[in-house]
Amino acid sequence: MSTPTSADVVVIGSGICGALAACRLAQQGLSVLILEAGPRIDRGRIVAAFRNSTRRGDWMSPYPFSPWAPQPEYKPRDNGYLVQAGPYPYPAEYIRVVGGTTWHWAAQAWRLVPNDVRIKSLYDVGVDWPITYDELDAWYQEAEEILGVAGADNTGSPRKHPFPMQPVAEPWSMRRFRERLAPAYAVVANTVARNSRSYDGRPACVGNNSCQPICPVNAQYLGINAVDSAEAAGAKVVPNAVVYRIEADAKGRIAAVHYYDPDKQSHRVTGKEFILAANGIESPKLLLLSATDKYPNGLANRSGMVGRNLMDHPSSSLTFYADEELWLGRGPQSPSSINTMRDGAFRAQHAAYRLDFTNISQVNAVTEDLIREGVYGPAFKQQLRWRAARQCNVKNVLEVLPHPENRITLSSEKDALGIPKPEAHYSIDEYTRRGADVSHNDFAKIAQLMGGTGLRYSLDGQFANNQHITGTLGMGNDPTKFVTDGFGRSHDHENLFCCGTGVMPTAATMNSTLTAVALALRTVEHMHPRQATTKESVARAAAETSA
Amino acid sequence: MSRGPRAAGILLAALVALAATQAVAATGPAPASSSAEVQRGHYLAVAGDCEACHTAPGGKPLAGGLPIATPVGPIFSTNITPSKQDGIGDYSLQQFSDAVRKGVRGDGKHLYPAMPYTAYAQLTDADVRAMYAYFMHGVQPVDSRPTQTHLPFPFNIRLSMAAWNLLFLDDKPFKPDPGQSVEWNRGAYLARGLTHCSTCHTPRNFMMAEKPSHALAGASLGTWFAPNITPDPESGIGNWTQQDIVDYLKTGSAPGKGQAAGPMAEAVDHSLRHLSDADLSAIAVYLKSIPARHDSNDTRAADAWGKPYADFAGLRGKALPKDPDQMTGPQLYDAYCATCHQDRGQGSFDGGLPPLFHNTATGHRNTDNLVMVMLDGIAWRTDGSGVHMPGFAQELSDQQIATLGNYLTQHFGNPAAMVTVDQVRTLRAGGASANLVLLVRVLMAIVLVIVIAIIVAIVRMIARRRHRTTSQPAP
Amino acid sequence: MDEPVETDLVNPGRRRVLAGMLTAYTASLIPWALAAPVANPSEGVFLALSAILVGEKALDAALGNRLHPALVTASPRFDADAQALLTLIDSQHIDPAKLQATLDASRSPLAALPRTIMRAWCLGFVDDGDTVQCLAYEDALDAVFVSDVLKPPTYAYGPYGSWSKPPATKGNGDA
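Protein chains in written order, with the numbering used here: chain A, 1 to 547; chain B, 1001 to 1475; chain C, 2001 to 2175.
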């Protein structure tokens, strides 16, 4: 089988955004080629690999590492792929395989809240988005129907049409949080791309409690489902195709992309349109790598903003023992949260945040603690059960503001194929730190309401990263200030489109995937509008599937 | 999973169907009926599972058009809504009755017994009337003609069915057995008639007619296998309690015994779970009373094999082989099954995700269903519960399914039951029905029917002549 | 490599190998050991020490058979150290709850051994660095100790929604 060297649309990256964009275009009869740097993987083998893993808290551990398509890994030691320039570490994780990083997401599929796209106007921080929440609503809805999103209505994100599914059944532990924190806090079901019933041929959740690193039963929507749909629609996927250069012609249109296979043989693929969907780090890396005499700062970089305004969601957390048996670990990992601090006048002063409760089994963490503490004899089992039943955790998911100095650049270090590694320049500003401080009052109150003992705050000033790589290809109307226009099209190259979390101008307080998918669907609609009838039939098909 | 396998199984088992009913001349308006009668007719139509074959995927209920793949081309079910132009809106009660119970459609031509009229022949006049009332007044007419079926010669010779009917159709309605209880009689009436258990579960003779001597003793549908459901304790379901049978028919699962998959899951989903508890109970009473059919190869009930088992030593600390076909049974089980059925095959705490030991899925000597469920999974369509088990046709190769199947029967089921790569390949391709061998068999059966029809005609002619001869007055 | 077998203490037979080497103190911690079949004396020592550390009077022999050779491979001194630690506990009547503190206070060269053994039984992990391996997941004791109420991650808890009910524990985890 020969590999195609040309297509109507060439998509770089087979993650959830690239694959869904490819799927939609292939459904419209266009020839679509998806180039993916990493290999194909198999769900069952990942499940088996995780059970054999010696790093159970490391969601990267069951995934294969491909020398030709390196991915950042930090355990057992930092593999040095994402070079850290500081001052604050940015240990982003992502998976370079067919299907991308959603293989190990927790399927939180949030909408923004309406004011998230207007924080400059309303609170004089960050930037406004070039689109309104109202415009996004229909695209969110379409994304939610494709992914199969279950959720509650009281999360602060209005909607015109109902969710495709009821919220996922509430784990006992979360019910107790909801009951005991009321009325001080409203604990609500998370909005998740996890099935609360059979949906689109995929089963309902059966509570494997391993959403990260892998849903063994296909109850949560993954990028690989999008890849399957794209291939069914006729798109071709080339795995192990490491794109290292995008080529512009004399008129500034993108003419081709060049990729290496694992043996470093170079291949050139031409197309009419190009979609860059290689995540918020690899995508800007690729644009910077493609610098020529004519484009000395890289492609799409007239503004100088490619790779800049890198954002994520830092978290601090509180771990404690509740005064009753909750037994985290029954049901999905991320079921519930508190959404009341996602917006408010305070955003002029400090970061907004969500408060997120984990339902991840505490057994592994508690066992490691007990061994570290040297608890032996009959006390071990007794303590293990006592702690595993009561230990719980609340964390904040903090907004960070776009700052140009937080950025991805090309490192002087090179990977196995000789391609420069990405380098992260990152810091966490006072705005975000103030938000963390405020949220710690909530932590304390929550612990108090749960009869908490053994309170353990995460170390002061230290934040965990949430792998919501945002910014770096920001959308905006001013070509001198933004990389992409309001539809994700490069200001500089009319046939280059960016899909993914990178185009988000701000990070807000929610996991970024659903917004990126909604924007990607909007981008491909802009590229190739569907006939009204097509759109209707797609909506009808979705409705029938879910009926 | 489509209704295809079940329908195709029924079809093959009953020669070839040509159910292209055409509207016939009007014979007067349908008589008025009470809403209670319409309701009763609806219940009976559900019990008879008319919708299963007469509704296309995504199509309007009972408007026909379900394509049924056969070796000689696709056959499409007919519109049985009361549409006057495209359905049965012009049928008189008598015409309706003849179609349902005798396999003769409105224009007098014969149906092929894909339509289970040999079972429906048991229906009482009152029930046929109720069903007629339902079809005329309780079903939305749909004015659309499903794709017409065009089969090549000799499959288009409908008259051969007359001879077949002569030999194999008992067209007398059910007669209650006064020596049995009311409940038994109700169960017998339903099981032999509307729910047409024997259509799948009774093996066929060389003419593709059910073998009465082996009633409900189990038969292959080409892909899925309809097991022995007589009360034999080893070969059948003699060790099932009455409640086990009712649970199975109502929920598709008899805990500790087995789960409905394939065509049986469809039958439960579309039809059986809608029956009243009293009727399900009656069917169970009847099934427990029929003659047990024993196969001496069966030494233990299919649901009485196996125990918890795990091979952690063969799994932990061992990397998977690069070549998926080299994965061992324990490794395949670990990767694809253990997630739901648990590390030792013991199922979930509440058994809602079933154990694999003490389960007919692994305990039958015939492993076709085990292979089929691994390939296709189990999905319910009408009750919204959807996927009960994902299929692995995409993920697993023939070799992997065979290795895994043998691991499952070895440790959780009947160790004598084997799965071969060839078997998996055949079943994946649509089962024996796709084989030329079967095509030849069907062809032979058709030809035989024609030959017999001719013989019958000759015999009759001779008899008539003789009769004429003998009745002639002596000169 | 020396085989650190205490021949004077051990019955060479396959059974009751430990009976002669344990005092009433350690025997009281692990009554099962007096009758447990073991393949060789060093495995007997390993199982006895393991039982004291994890606080169980019965251990999964099959798992022990997987862990012991791997621990020996990971550290050639393992058997000798295990023997020494068992002798120390035996002679000083050390309460397992105070063992680590005692070893740490005396800067004992054996201080790392309890964690090595605990890690093997309770997490299934043996060795470190690039040669670390996972020899148990489902039957590691951390999973077994809570198996009446939790499934190890990746194993389904049950049918959709079954996790909404309050956790019903048997309290012993020996399900």
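Derived by calculation from the structure, the hints in this document are not laboratory data. Do not take every clue at face value.
As the list claims (entries may be wrong) - Keeping only pairs whose Cα atoms sit at most 35 Å apart, straight-line, the calculated DSBU-like set for lysine-lysine is: (1) Lys445(A) - Lys414(A); (2) Lys1318(B) - Lys2057(C); (3) Lys2170(C) - Lys2057(C); (4) Lys120(A) - Lys414(A); (5) Lys1318(B) - Lys414(A); (6) Lys1250(B) - Lys160(A); (7) Lys75(A) - Lys1318(B); (8) Lys264(A) - Lys294(A); (9) Lys2057(C) - Lys1250(B); (10) Lys1060(B) - Lys421(A).
Since this is a predicted model, take the numbers as computed values, not measurements.
Tell me the hint numbers this structure goes against, listed in increasing order. Hint check: 1, 4, 6, 9, 10 fail, others pass.
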